[in-house]
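Chemist: Heads up: the sequence lines are chains R and E, in that order.
Residue numbering for the first sequence follows this note's numbering, beginning at 1 and increasing consecutively.
Residue numbering for the second sequence follows this note's numbering, beginning at 1 and increasing consecutively.
Since the hints were derived computationally from the structure, they do not count as laboratory data.
Certain hints may be false.
Facing chain R, from chain E, some residues (calculated, C-beta under 10 Å) [to be verified]:
hint: 1; residue: 131
hint: 2; residue: 150
hint: 3; residue: 154
hint: 4; residue: 225
For every residue, glycine included, the Cβ atom is placed at its ideal position computed from N, Cα and C.
Next come the chains, spelled out residue by residue.
There are 2 protein chains.
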Amino acid sequence: MSDSNPLFEKLFSVQEYAVRVNDVKHRMSRAGFDVIICQDPSNMCWLTGYDGWSFYVPQCVVVHLDEEWPIWFGRAQDAKAAHVTTDLPADNILAYAEQRVMHPIDHPYDELVDLFRRKGWANSQIGVEMDAHYYTARCHATLVNGLPDAKFSNNGDLVNWARLVKSEKEVSIMRQAGKICTATMNAAISKIRAGVPQNEVIAEVYRAQITGTEGYGGDYTSICPLIQAGESTSTPHLTWSDLSIPSDVLVMLELAGVRRRYHTPLTRTLYLGKAPEKIRNLAKVIVEGVDVGLELARPGNTCEQVEAGWQAVLNRNGIVKESRVAYPVGVGYPPDWGERTCSMRPGDQTVLKVGMCFHFQSGVWLDDLGCAVSESFVVTESGGERLCNVERDLIVVE
Amino acid sequence: MSDSNPLFEKLFSVQEYAVRVNDVKHRMSRAGFDVIICQDPSNMCWLTGYDGWSFYVPQCVVVHLDEEWPIWFGRAQDAKAAHVTTDLPADNILAYAEQRVMHPIDHPYDELVDLFRRKGWANSQIGVEMDAHYYTARCHATLVNGLPDAKFSNNGDLVNWARLVKSEKEVSIMRQAGKICTATMNAAISKIRAGVPQNEVIAEVYRAQITGTEGYGGDYTSICPLIQAGESTSTPHLTWSDLSIPSDVLVMLELAGVRRRYHTPLTRTLYLGKAPEKIRNLAKVIVEGVDVGLELARPGNTCEQVEAGWQAVLNRNGIVKESRVAYPVGVGYPPDWGERTCSMRPGDQTVLKVGMCFHFQSGVWLDDLGCAVSESFVVTESGGERLCNVERDLIVVE
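With the rest of the complex left out, here is chain R (with noise of 0.2 Å):
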């Protein structure tokens, strides 16, 4: 039906979602759920394609093991975009009334239960995304109450695992997205320089982002770019200002190049003027963390131990970093890029498999400043490999 639209081009064979929905059969299988809700909009996107700014709304895709193909469930107004962005049968897409959207009484997932009862699931085991950032309480209070025979349990985030490892085509789509970063910091780096007010920096970062690299536009990012400068690099995410960048300062800048949902983030910071060797030591630090961390990012080894790498090289020159180092990026929606399943922090035992992607956020905030020069990556036979390519090291800008 979409084929028509000159306007949309389709990112994936509907071959490549009958993998992805069976694989996601197959862990609900394992964890006994008849059924499972996905709120999350990166999960929508993943497990049928759908992509549009309606995630304000309440909105799910619906798998069930008995049913061939998800069902997308959301406002009437959004039902088109299902049917431009997806593949799925006609049948499939189902919409909400629109009298239903930000309604005091009435609930979008009112008629969520209708749908289940009409298709005979109202008792059956039933996952939920209970800490999926659009899925509300009210969400789950509504669907509880209407389905008061089902066993609702929190489906521990089952469609984000299976999306850790990602296909060639994949991993095709964050190379790109890769290349769009680049061409963003190294966009922004020139554009940084004592006097210049941070929006207007901002504003180039954001028509670089979009505008994207020869042979592909760029895509809307999970979080905005993030810019501090001098004492405000001690607290990661305040956003600009108009006030003028100063002289003799740090500056940190952390952003993503997106394709078609896809984010590979990256970190990169600047001193204007002479930068003190305080600084510049930090940075070289952890610059060779991140060498360490990468090079233990093969098949086979643990999150925990690549931590435990970059760790080592913080420690060994007197530094502590609480907070965990890496954690997994893909398709991503607003508020955030990651993909909320494993962390390299201590602990974490999941076993690293080519194709896996991560934001190594190597950052270092200390009481009065703070230094990141980070890298997105995908995990191949011989280590992590940088999807970004951006000077790696303190920038100075004298």
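We have chain R already, so just place chain E on it with the hints.
Modeler: Just chain E now, with coordinates in the frame of chain R:
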């Protein structure tokens, strides 16, 4: 403390926050709540000034009737952003341990439970935001299980409702956002031509949104810029691709200007080529309907009265629009710039007051095409006053 930070300027006085908090406490008393937990990042910002892209992890602002100021509760690495962006007393900024972030068993709100116990609030009447985007089923379950003697109930978007009438200072910020929106929409209109890739238009939109206008820069928008061309105009939430815009086609744009998190959204529709009469007439009906709606948007009239005026113009021309025609706007964070309180639709008897701000989303989607010529406006004594100033018609590019 943060006054020494040259990279952040606070927007509102401590006195304005005191007024807001007192208003909220009066609403809490009337509704029977001892304490409310606000996870909506817009509510957190409006109550305290807190601003940062940290809403992808659990965090909240807690307002208790017996406490002078709210308590900010969030991730350790974001606590410093709370010190920088708010005037809260340092003792009111409380951080949870980093290891609780995205952990399968531990949850950040285990520590919020501990806080409520320490404070003696374990038997309170607690109002939560059951349908706020980031208040997940797991957040709620953690609190309910941890505080079995408390009484939890939906606070009915109590703080969102308190945000509905803007102060003079807020309206002045909305006017700045409107100017950014005007400049951005005009930049987009100049860029849209047959043969131009969609992503290049969007790159220009982002550049203009963030660059802002003379005197003040722009902020990130809670919804990405939306562009649809041709058949895609019949579904409103598709995002751009890197395919080129064809000729003889309808193009729709929806985007906002944002100043310090305050949003003024706007939609415009273009025709590239000789516009068919059907579309030109639809645009004229829409513009007439907006004029009638804004004329009716006076203090004392209700939301449904305004909608009825707009709908009457449509019906007289043989058109029916099912979805609500307007929703309040102001502070926003992804994924939505609406305030989620009243809606201009049948049955909504919210009475308009001076200082309320709305997006009059006068879009009509027919089976084969859509058209929208919307306005953001503030309610004044003499009706709705537009916050943006972009040509009000179908924009034809021949």
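Chemist: For a quick check of understanding: which of the numbered hints are violated here, in increasing order?
Modeler: Number 2 only.
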